[in-house]
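Novice: I would like the entire structure built from these sequences, with the hints used as guidance.
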Amino acid sequence: MLFNSYVFILIFLPIVLAGFHLIGKVSHHRVAITWLVSASLFFYGWWNPAYLGILVASIMFNYAVGVYLGENKSKSILTVGVVLNLGLLCYFKYTNFFVENLNDLTGSSFHLEKIILPLAISFFTFQQIAYLVDAYRGLTREYNFLHYCLFVTFFPQLIAGPIVHHKDMLPQFENNTLYKLKASHLSVGLVIFMLGLFKKVVLADNIAIHATPVFDAAEDGEVISFFDAWAGALAYSFQLYFDFSGYSDMAIGIARMFGVVLPVNFYSPYKSKNIIEFWRRWHITLSSFLRDYLYIPLGGGRNGKVNRHINLMITMLLGGFWHGAGWTFLIWGGMHGLFLVVNHTWRELLKTSFPQRNKGESAVLGWLGRILTFICVVIAWVIFRAESLDGALNIYAGMFGINGVYLSVPLDLTTHGFREVLSSMFPSFVFGDVKRGINLMLMMLIVVWFLPNTFDLLKNNQPALGLESFITQAKTIFMWKFNVLFASALALMTITSLFYMSAPSEFLYFQF
Amino acid sequence: MSKFLKSYLLFITLFVFVAGMPILYLYRSGEYLGLDEIIASQQESNSKVLYGTALHANTRQYKKELLAKTQPKVIALGSSRVMQFRQHMFSGEFLNLGGGMESIHDGIKLIPDIIKRKPELIILGLDIWWFNDRFQSPEMQSSEISFNPTPSFSHSRRVFKWLRRNKISLNEYILTILQGTPEVSIGVSGFKRDGFGEDGSYYYTRTVTGQIKPLDKGFNNTFKRINDGNKRFQFNSYANNQYIDNIVQLIKKLEKNDMKVIVFFPPFATSVTEKLNEMKDEYQYISDIKVKLKDSNIVFSDFSDPMKIKSNDCEFIDGFHGGEITYSRILDNLVYEYSFLEKYINQDSIKESIGQYSGRAFIPDNEITEEPEVDFLGLGCKK
Numbered sequence: 010m011l012f013n014s015y016v017f018i019l020i021f022l023p024i025v026l027a028g029f030h031l032i033g034k035v036s037h038h039r040v041a042i043t044w045l046v047s048a049s050l051f052f053y054g055w056w057n058p059a060y061l062g063i064l065v066a067s068i069m070f071n072y073a074v075g076v077y078l079g080e081n082k083s084k085s086i087l088t089v090g091v092v093l094n095l096g097l098l099c100y101f102k103y104t105n106f107f108v109e110n111l112n113d114l115t116g117s118s119f120h121l122e123k124i125i126l127p128l129a130i131s132f133f134t135f136q137q138i139a140y141l142v143d144a145y146r147g148l149t150r151e152y153n154f155l156h157y158c159l160f161v162t163f164f165p166q167l168i169a170g171p172i173v174h175h176k177d178m179l180p181q182f183e184n185n186t187l188y189k190l191k192a193s194h195l196s197v198g199l200v201i202f203m204l205g206l207f208k209k210v211v212l213a214d215n216i217a218i219h220a221t222p223v224f225d226a227a228e229d230g231e232v233i234s235f236f237d238a239w240a241g242a243l244a245y246s247f248q249l250y251f252d253f254s255g256y257s258d259m260a261i262g263i264a265r266m267f268g269v270v271l272p273v274n275f276y277s278p279y280k281s282k283n284i285i286e287f288w289r290r291w292h293i294t295l296s297s298f299l300r301d302y303l304y305i306p307l308g309g310g311r312n313g314k315v316n317r318h319i320n321l322m323i324t325m326l327l328g329g330f331w332h333g334a335g336w337t338f339l340i341w342g343g344m345h346g347l348f349l350v351v352n353h354t355w356r357e358l359l360k361t362s363f364p365q366r367n368k369g370e371s372a373v374l375g376w377l378g379r380i381l382t383f384i385c386v387v388i389a390w391v392i393f394r395a396e397s398l399d400g401a402l403n404i405y406a407g408m409f410g411i412n413g414v415y416l417s418v419p420l421d422l423t424t425h426g427f428r429e430v431l432s433s434m435f436p437s438f439v440f441g442d443v444k445r446g447i448n449l450m451l452m453m454l455i456v457v458w459f460l461p462n463t464f465d466l467l468k469n470n471q472p473a474l475g476l477e478s479f480i481t482q483a484k485t486i487f488m489w490k491f492n493v494l495f496a497s498a499l500a501l502m503t504i505t506s507l508f509y510m511s512a513p514s515e516f517l518y519f520q521f
Numbered sequence: 163m164s165k166f167l168k169s170y171l172l173f174i175t176l177f178v179f180v181a182g183m184p185i186l187y188l189y190r191s192g193e194y195l196g197l198d199e200i201i202a203s204q205q206e207s208n209s210k211v212l213y214g215t216a217l218h219a220n221t222r223q224y225k226k227e228l229l230a231k232t233q234p235k236v237i238a239l240g241s242s243r244v245m246q247f248r249q250h251m252f253s254g255e256f257l258n259l260g261g262g263m264e265s266i267h268d269g270i271k272l273i274p275d276i277i278k279r280k281p282e283l284i285i286l287g288l289d290i291w292w293f294n295d296r297f298q299s300p301e302m303q304s305s306e307i308s309f310n311p312t313p314s315f316s317h318s319r320r321v322f323k324w325l326r327r328n329k330i331s332l333n334e335y336i337l338t339i340l341q342g343t344p345e346v347s348i349g350v351s352g353f354k355r356d357g358f359g360e361d362g363s364y365y366y367t368r369t370v371t372g373q374i375k376p377l378d379k380g381f382n383n384t385f386k387r388i389n390d391g392n393k394r395f396q397f398n399s400y401a402n403n404q405y406i407d408n409i410v411q412l413i414k415k416l417e418k419n420d421m422k423v424i425v426f427f428p429p430f431a432t433s434v435t436e437k438l439n440e441m442k443d444e445y446q447y448i449s450d451i452k453v454k455l456k457d458s459n460i461v462f463s464d465f466s467d468p469m470k471i472k473s474n475d476c477e478f479i480d481g482f483h484g485g486e487i488t489y490s491r492i493l494d495n496l497v498y499e500y501s502f503l504e505k506y507i508n509q510d511s512i513k514e515s516i517g518q519y520s521g522r523a524f525i526p527d528n529e530i531t532e533e534p535e536v537d538f539l540g541l542g543c544k545k
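One line per chain: the protein sequences are C and S, in this order.
Per the working numbering, the very first residue in the first sequence carries number 10; after that it's consecutive.
Per the working numbering, the very first residue in the second sequence carries number 163; after that it's consecutive.
Derived by calculation from the structure, the hints in this document are not laboratory data.
Be a bit skeptical, because a hint or two may be false.
[Stated by the list, open to error] Cross-link-like lysine-lysine pairs, in silico, DSS-like; alpha carbons within 30 Å at most: (1) S:Lys165 / C:Lys189; (2) S:Lys165 / C:Lys191; (3) C:Lys490 / S:Lys165; (4) S:Lys235 / S:Lys210; (5) C:Lys102 / C:Lys176.
[What the hints assert, rightly or not] Have a look at the derived ranges for each label pair, beta carbon to beta carbon: (6) S:Lys278 / C:Gly410: 58 to 64 Å; (7) C:Gly62 / S:Leu171: 36 to 42 Å; (8) S:Leu171 / C:Val76: 42 to 48 Å; (9) C:Ser478 / S:Arg326: 48 to 54 Å; (10) S:Asp198 / C:Pro180: 50 to 56 Å; (11) S:Thr175 / C:Gly230: 48 to 54 Å; (12) S:Leu340 / C:His37: 49 to 55 Å; (13) C:Lys191 / S:Gly342: 44 to 50 Å; (14) C:Met488 / S:Phe385: 56 to 62 Å.
Glycine included, each C-beta is placed from N, C-alpha and C at the ideal position.
Specialist: See the structure below:
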């Protein structure tokens, strides 16, 4: 069931929400939690009931191991727990990839039926590995099994994150006020959810039609021109941004309607002035997980620069591989690892060369950094999106002018208007309607660079956890107000989104 | 906060009512029917059910679906310029795929579907601009358009625009919401008797009966395009060789699959032909197409000049779309050129139509409309 489907918005969510608060009011909280867990399992099983067993087995196994580790600090049990979790993930996610590559490498012909990746396995596995590690470290308390089930299955975050941490979530389930329906939670949740829905169905899905044809053509081996390649890459960069940002907002918004505050997962990443900052703003909960449970255990930055760079590369390569079993994802992770290494080296160079450097930077330098970061990210998204290395290389050939920088139709600029010049730049597939495409791109650039994000708008209402590290400069004028005018604006956004939703499209992060 | 929620719910109710009514109107008009249902309604009805959507650009999908649901002996293939061939002109089952091929690339994509139906005869109309790389650049290809007949906000907006511009009356809007459209109509245009018939041919009912302002009165729109060299009439000296090769391959592939292929160039209106002749230096590629096709051993009939088939401006819908009589004349000429066509073409019907309705664009058909044809092009034609 997709968040952006009528069945979810008009049937599932209202019923589960009403049921939860009603049960919470008239009955014991355990019943309300059971209701929510059941609803979450139903939500998960809607996709493929056959995989419910894997989710349930994983929960039971990890809870048992976690309880054991809480009482007995056994490294071998922890190792078994982590290995089994990773083994499950590897089997479903990477077996086909390894077999295919083994066949290619050795000429063998092992054949495996296509293994279908259970939805959300990457997310609930990571969430529970963190729980086991923390249980071993003595950082968990003796949690209630029902609460633990809800921690893993809570449907707003189950499918594609945010990757929640037990210390953030479980205490909230123990709070009695959670079970009382509060207009404030409902209002704030509704606003966040609707902003996310709007981002997904109005912005992301609309820009997608300008990205997909370019990538499809590249896979078909067509020659991609300079302008088409950049337009396609930019369109995909915006599509992914609004898709993921929209999804994260929706997840946080839904949880908030239940009174649960989820961690921030996405905080205007295209405003980042460097790649280090980008990874503090993009998929924040995954970055935190990789930092806390991979990069730091590897040694982090503790053993000198070289080791830090190696650890960074390993972390980013595995982070890339987490996104999908393919060389393209691995290379994408590698590219970002390299960007991070360069970024750290540059920082150190500046620090040693200009020790007295004024820390406050100029606006010009800030913007240069922002544009450079954005370009690097866009270039890396190409390989992330491409279905094959050849497809990606084909687009890179266009982007770097190897296919030539030309207008597809010779133009006499004295007789052709601006629109026709643009049409000739993007002739084939990117801009079916040039004006629409350009307008959409410009609008999105303004949104991602200049407008406050959802959390800035709602900063007075504690919209998410972990916002303290972000200093918003949003002016009061941009603050969301809970008055009639804003209610009408939200209603208009809702109706617009519901109309655009006529053909629900999946969230890009579901595939991971 | 609860005041905020109450206001929100109130506005939602209001917006749903305002924006939802146009969607209900479109739904009741049949605009959200799937192609399966549309074609089934057309095929199962004893009356002439016209499908005319005012919402979707789905001609290619509709034609593809129509092809999959029929077993035609004869197929008319090409752009909207072959849409006036109708079932009554043929002896066996006929399907008009006009509009299913707006470029050579579209045709290539359609071939596997045509081969599956095993028709005996293909009448292929070629548009000159298919060979002009200034109209369709070498990289240009038709994209797959998916037809998704589901409501959207833009549909609501569009209905309001129609109401504002009086394209639909308030009375019609309310009645459609309350009662739906008659059985013989699917879609907003279909209700006005504009649209595709069961055989895939198209009816320009509102235009020929003067219910709407024609887009090409006096052929002025076509003349402007020719003068400006745009919108299908881009100037060019040479026909694109790759496109010539592609069409040759397309024809050969059809022939290789046991189909007889008749190739022709559809006519322009007489005064448009004269205009093109006046500007032949700008349009040298037109003669180049024909030379190159001949060099590739493609046999074709050139009806670009309607004089050749004794048609005239009064028999046209616009500058480059002939009417039913023009297309009857084309078939009459083709039978004369290719005697084997006698078994496919209903010569009696054609001769009767030409004899009775010469000078008209539309053969009267009370099942379509009882309104008479008028001098919709403003050329002083006697109808």
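Novice: Are there hints from earlier that the structure breaks, and if so, what are their numbers?
Specialist: 6
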